[in-house]
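Asks: Given only the sequences and the hints, what does the whole structure look like? Please build it.
For reference, the chains in residue letters:
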Amino acid sequence: MIRAYRTPIVLGVIALLVLVLFGLIGSDGDSTFRISTSGDFFTVPDLVLPSRGTALVLGVVLLVLAAGAALLVRRGRRVPVWLLAVFGVLAVLGTLSWAIAGGTLPMTQLLQGSLALAVPLVFGALGGVLSERVGVVNIAIEGQLLAGAFSSAVVASLTGNLYLGLVAAAVAGALVSLVLAVFAITYIVDQVIVGVVLNVLVVGLTSFLHSAVLDSASNSPGRLPQIEIPLLAQIPLLGPLLFEQTLIIYLMFIAVAIVTFALFRTRWGLRLRAVGEHPQAADTVGINVARTRFMGVTLGGALAGLGGAFFTLGSVGAFSQEMTAGQGYIALAALIFGRWNPVLATLAALLFGFARNLASVLGIVGSPVPSQFLLMLPYVVTLIAVAGLAGKVRGPAAAGTPYIKG
Amino acid sequence: MQLELRGITKRFGAFTANDAIDIVVEPGQIHALLGENGAGKSTLMNVLYGLYQAEEGSILLDGIEQRFSGPGDAMRAGIGMVHQHFMLVPVFTVAENVMLGHEPTKGAGVLDLETARQRVREISARFGFGLDPDARIEDLPVGVQQRVEIVKALSRDAKVLVFDEPTAVLTPQETDELIGIMRQLKEAGTSIVFISHKLREVRAIADVITVIRRGKVVGSAEPTASSQELAALMVGRAVELTVHKQPAAPGDVALSIRGLSARNAQGTVTLDDVDLDIRRGEILAVAGVQGNGQTELANAIIGLLGGLEGSISLEGRELIGRTVKQVLDAGVGFVPEDRSHDGIVKEFTIAENLILDRSDRDPFANGLSLKLGTVRSFAEEKSREYDVRSQGVDTKVGRLSGGNQQKVVLARELSRPLKLFIASQPTRGLDVGSIQFVHEQIVATRDAGVPVLIVSTELDEVVALADRIAVMYQGRIVDVVAPDTSRERLGSLMAGVVA
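Going line by line, the protein sequences match chains A and B. Per full-length UniProt numbering, residue 1 is the first one in the first sequence, and the count goes up by one each step. Per full-length UniProt numbering, residue 1 is the first one in the second sequence, and the count goes up by one each step.
For the record, the hints were derived by calculation from the structure and aren't laboratory data. Where is the CB? At the ideal position from N, CA and C, for every residue including glycine. Misleading hints may appear alongside valid ones.
[To be verified] Computed from the model, here is a short list of chain A residues facing chain B with C-beta under 8 angstroms:
1) 267
2) 268
3) 281
4) 286
5) 287
6) 320
[As the list claims (entries may be wrong)] According to the in silico footprint, chain A covers these stretches of chain B (three or more CB under 8 angstroms from chain A):
7) 65-73
8) 87-94
9) 97-106
10) 109-115
Replies: What follows is the structure, encoded as structure tokens:
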């Protein structure tokens with residue numbers, strides 16, 4: 001019984017927290033949300049809301065939503081995704097209005113930064129989707145990201161061509177996943193163990209090369225230029241977010257669309273999913289299971305590697321040791337939260353990126369919330385998302401199981 | 001299309017699974033391959049389907065020699081297979097499963113789902129299957145899934161169709177329908193290979209019967225041959241097909257189940273208000289198609305199932321809420337349906353497996369350690385008594401044949417003082433000789449005055465053993481009937497029809 005009501009209970013607790021912590025005992029003062037930037041067509045005025053009042057109203061609305069969810073469960077129905085999404089957005093707004101009481105929150109920067117932080121997560125999760133959908137558990141996303149970050153920096157520095165750096169990142173990611181594939185598919189080693197070992201290996205290797213070999217000439221690739229799409233870039237809020245970005249972010253949107261279409265609408269995708277669900281069935285209709293798995297895993301690695309390039313070419317402009325800092329594991333969480341679906345996984349990655357960026361923006365704005373708490377925020381969000389709301393999700397049936405013929 | 005297998009030999013290491021097998025299947029003929037489990041029928045068919053490569057011999061279609069390096073080649077040559085364990089992706093739709101491997105596209109690899117649906121509807125209509133191309137496989141009953149397998153083969157223009165133990169998962173009605181479908185296919189000129197160990201079905205449908213024993217063709221027979229003749233050919237000696245038992249002398253009610261209900265993790269009802277009484281000295285057999293609550297019923301009694309409502313009382317003592325150990329100690333013997341997972345520990349020796357349930361007490365253990373001498377002599381005694389064929393009691397159980405493994409399980413469970421004996425699928429996968437032995441032991445247990453509960457999906461076994469038959473459908477006991485009830489009536493009950 002309790003299990004069935006898990007989602008409504010989690011929602012209810014969050015709603016009460018917003019209502020009590022932020023509403024009843026919250027701080028006074030106005031919260032200002034700045035929506036426009038200087039380059040926009042027209043200026044949208046700042047949104048000024050009384051902090052406590054807003055939290056109170058939102059808290060009540062959240063409670064109603066939680067009650068609605070409980071009602072649905074009682075009637076034996078599932079809680080729809082849109083309800084969870086609306087709940088999430090409102091809960092975040094409630095938290096924000098409390099956190100910035102008396103200050104001003106630049107929305108554009110907040111969202112822009114979120115997107116940037118989400119880029120490696122999206123690529124990593126997409127790579128994971130391909131790998132797991134074909135039946136190989138990919139714990140090595142972290143290693144693929146890091147390998148991509150490293151090679152893109154080195155190749156771009158040495159050739160002086162940033163785009164060659166991107167290619168190198170994809171190749172490096174593919175190579176890491178190829179090792180995973182060889183051990184997991186050909187030698188039937190436990191996939192989780194190989195993945196973890198690979199992550200450790202890539203950390204060691206790149207750290208060693210970074211300190212022993214790299215110098216300022218081979219680790220100064222520079223950053224990808226921003227490509228501004230005329231007119232569209234001047235829309236308030238959305239313009240700077242979607243149409244004034246680097247190539248790698250445009251590539252990300254394209255990749256999401258292509259992976260989704262390929263997975264569900266093409267012969268290639270049907271066969272890939274069949275191999276991940278029931279390899280024997282695929283084998284008996286003449287599909288080469290091992291080859292399909294190699295293809296899926298390697299392609300996934302290439303995508304994750306591309307995501308790694310964002311750390312260097314997309315943001316910092318140089319490689320530093322262990323710069324992926326566990327984002328590969330968060331990508332894995334996004335993949336599971338997104339139920340092995342490329343679009344949902346992308347949304348999950350964006351959510352995690354938002355949580356992380358919120359922590360740093362609030363720190364800059366000077367919110368009354370202690371910074372240690374803010375640093376914790378993204379991981380709390382991840383935990384609630386994966387454990388509380390994702391519920392019992394079913395991944396590809398054969399993921400993690402090697403296929404032995406006969 | 002004519003199919004000829006000539007001198008097929010397939011070895012696995014030192015073991016010869018197929019030994020120079022010759023078979024000719026004529027066009028429009030139903031050719032039955034009869035043999036016990038492990039006789040080499042499935043190996044032969046996997047060779048034919050390109051899943052295994054034969055060491056010797058050749059496969060000819062219409063007189064032309066074929067080389068199959070994989071199932072893809074075999075399918076292209078016109079061979080289709082309806083597998084015993086369906087080769088269907090549960091989360092895909094019917095149309096997706098049927099088109100997998102030879103998908104129609106609109107160019108550039110984009111799936112043409114409409115054409116695929118049309119193809120399913122067309123073949124389905126030709127045989128009156130009534131398949132919905134957009135239904136998900138996991139939502140369909142087993143009998144319908146099997147039709148999807150048939151459509152899958154036919155959509156590739158299979159001229160030779162292999163049915164590997166197709167009736168194992170079907171109700172009697174579904175079996176009749178399948179036989180009708182096979183006749184229809186035969187009329188349309190398809191050559192059919194029908195693999196089975198069920199004499200009744202083979203005699204009902206085959207044009208020619210080839211019997212295989214220990215990897216060799218040991219003879220062929222006309223469908224007019226008697227069951228006794230076929231069984232003798234299959235086993236290599238005369239066998240007793242009926243179970244000899246005296247009429248039951250039922251005593252008092254020993255096990256009494258009232259209002260037993262359970263749900264699984266998904267919230268689906270698996271046991272629905274079950275009432276059942278079993279008396280001392282009678283065998284009550286639970287019949288039903290796999291997955292209608294029989295497994296849950298046995299597990300509920302033994303204490304493996306949580307969240308139960310109702311009551312299960314054994315000689316007046318409530319069993320619900322007790323641990324498995326407490327239930328066993330209360331005098332319940334249990335032969336689980338999945339022998340190799342739940343009945344034995346494969347990596348343990350025969351001796352260790354025989355005392356799994358009593359490893360903590362007299363006479364096999366004192367406070368700290370096992371009394372290995374006692375364990376050993378007990379094992380030797382039981383091995384003799386139950387005719388466990390092995391190289392000694394230190395042999396790992398995993399290396400024994402299925403029949404000998406089951407004897408170990410029986411020896412362990414029957415060597416305690418019992419107040420109730422439960423056996424789930426007691427003869428699944430066993431050879432005829434072992435089946436006979438197991439049946440004798442079950443009857444002897446009954447005759448010793450113990451109430452016996454048998455769960456079996458083999459209707460023949462249920463009818464042969466039972467003093468009363470309880471038929472389960474969707475978690476309910478539909479009816480409790482006498483063993484001489486007609487098969488038609490039993491079949492309807494198994495399909496949930498109460499007439």
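Asks: Hint by hint, note whether the structure agrees.
Replies: Tested hints:
For residue 267/A, the shortest C-beta to C-beta distance to chain B is roughly 4 angstroms, which falls under 8 angstroms, so the interface hint holds. For residue 268/A, the suggested interface contact is upheld, since its CB lies about 6 angstroms from the closest CB of chain B, less than 8 angstroms. The criterion of a C-beta within 8 angstroms of any C-beta in chain B is met by residue 281/A, whose closest approach is roughly 4 angstroms, and the hint holds. Proximity of residue 286/A to chain B holds as hinted, the smallest CB-CB distance being about 3 angstroms (cut-off 8 angstroms).
Interface hint status for residue 287/A: upheld, as the beta-carbon distance to the closest one in chain B is roughly 6 angstroms, under 8 angstroms. Look at residue 320/A: its Cβ only gets to about 41 angstroms from chain B, farther than 8 angstroms, so that hint breaks. For a cut-off of 8 angstroms, the count of residues in the stretch 65-73 of chain B with a CB near a CB of chain A stands at 4, and the three-residue condition holds. Check result for the stretch 87-94 of chain B against chain A: holds, 6 residues qualifying (beta carbon to beta carbon below 8 angstroms, three or more required).
Only residues whose C-beta sits within less than 8 angstroms of a C-beta in chain A count toward coverage, and the stretch 97-106 of chain B has 7 of them, enough to reach three; the restraint holds. Judged by the Cβ-Cβ criterion of 8 angstroms, the stretch 109-115 of chain B is covered by chain A as claimed, because 3 of its residues qualify and three suffice.
Violation of the numbered hints given earlier is confined to hint 6; every other hint is satisfied by the structure.
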